[in-house]
Amino acid sequence: MIKSLRVITSETEIMIISNLEILPGKRIVTHLGMVQGNTVRAKHVGKDILAGLKNIVGGELVGYTELLTEAREEATRRMEEQAAAIGANAVVNVRFSTSSITAGAAELFVYGTAVIVE
Amino acid sequence: MDLIIFLGLICIGYVAGSVIERRHFRSIEQREAELADIYTYSARLPPTEMFGHDAFFVTGNVVVSVDYFKTIAASRRALIGGVVVVFESLLNRARREAVLRMKAEARKHGATTIFNIKMETSSIYKGGGNQIGSVEVYTYGTALRAPRS
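Sequence lines, in order, name chains A and B.
Take 2 as the starting number for the first sequence in this note's numbering and just add one per residue.
Take 6 as the starting number for the second sequence in this note's numbering and just add one per residue.
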């Protein structure tokens, strides 16, 4: 149900995303500084009404779970674009952060260190 | 009339909420047993012997809603202070579920250990009067798989 953000294997050309400080089996040759991506998402009115009903009986809010997963993927994609723009091929030490800005919206923020590995 | 609706909501919340909670805990315990062979560590780095392993970024998240009974029970508890048992079980469920989803993703990649696990809890939906409506738990880490030779 939850899609993986990125798969790391030695044969792929895509951006490597990891929350470790080092990459097992790889050598970091250049540090390029911090990159970040964020997105602010508001909830759909219909979903909010459903959530209101769910607040009576309890249980998982599948709509919100998916919404937040999509939002994190979007934030991660923006971070990857930024990293690619400065010539990185990996982002290490990635951290996520969530904050609710107003009653109806949440910000998803992701940041990490852009590096070049070989 | 208002009192009848209020009591009705508490009853519905209590009955439905505890059925859903009990079912969820059963499912969590069953899946925890199935995924018990995936080891999870909050250590920052894997031991050097595992540096040759393939790494995957794995995540798990879940949003769990309170029920009406919990909301009322917690607001009563807030008057006198003390342990809010109803929210403890809610957060317990959410964390275990998120970790299970992360482990399931690691299993899909064939990984056996997860390192540097970070967890994040946020209340994403506020009910009336700024009470907690639902909480999200997000957990992520690096799964390692022995290289296939």
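Calculated directly from the structure, the hints in this document are not laboratory data.
Certain hints may be false.
As the list claims (entries may be wrong) - Straight line, CA to CA, 30 Å or less: simulated DSS-like cross-link-like pairs of lysine-lysine:
{"hint": "1", "chain 1": "A", "residue 1": "K48", "chain 2": "B", "residue 2": "K123"}
{"hint": "2", "chain 1": "B", "residue 1": "K123", "chain 2": "B", "residue 2": "K113"}
{"hint": "3", "chain 1": "B", "residue 1": "K123", "chain 2": "A", "residue 2": "K44"}
{"hint": "4", "chain 1": "A", "residue 1": "K27", "chain 2": "B", "residue 2": "K113"}
{"hint": "5", "chain 1": "B", "residue 1": "K123", "chain 2": "A", "residue 2": "K27"}
To be verified - Negatives, chain A to chain B, calculated, CB over 10 Å:
{"hint": "6", "residue": "H32"}
{"hint": "7", "residue": "E61"}
{"hint": "8", "residue": "L62"}
{"hint": "9", "residue": "R73"}
{"hint": "10", "residue": "Q83"}
{"hint": "11", "residue": "A85"}
{"hint": "12", "residue": "A86"}
{"hint": "13", "residue": "T99"}
The beta carbon of each residue, even a glycine, is placed where N, CA and C say it ideally should be.
Each hint tested on the structure:
1. A:K48 with B:K123: 28 Å, holds
2. B:K123 with B:K113: Answer holds: B:K123 to B:K113 is near 20 Å, not above 30 Å.
3. B:K123 with A:K44: 25 Å, holds
4. A:K27 with B:K113: 23 Å, holds
5. B:K123 with A:K27: Answer holds: B:K123 to A:K27 is near 23 Å, not above 30 Å.
6. H32: The claim stands: A:H32 keeps its Cβ more than 10 Å from every Cβ of chain B (closest is about 18 Å).
7. E61: Given that some Cβ of chain B is not farther than 10 Å from that of A:E61, nearest at about 6 Å, it is violated.
8. L62: Non-interface label on A:L62 violated, nearest chain B Cβ at 4 Å vs cutoff 10 Å.
9. R73: 8 Å, violated
10. Q83: The claim stands: A:Q83 keeps its Cβ more than 10 Å from every Cβ of chain B (closest is about 17 Å).
11. A85: 17 Å, holds
12. A86: Fine: 21 Å to the nearest Cβ keeps A:A86 off the interface.
13. T99: 4 Å, violated
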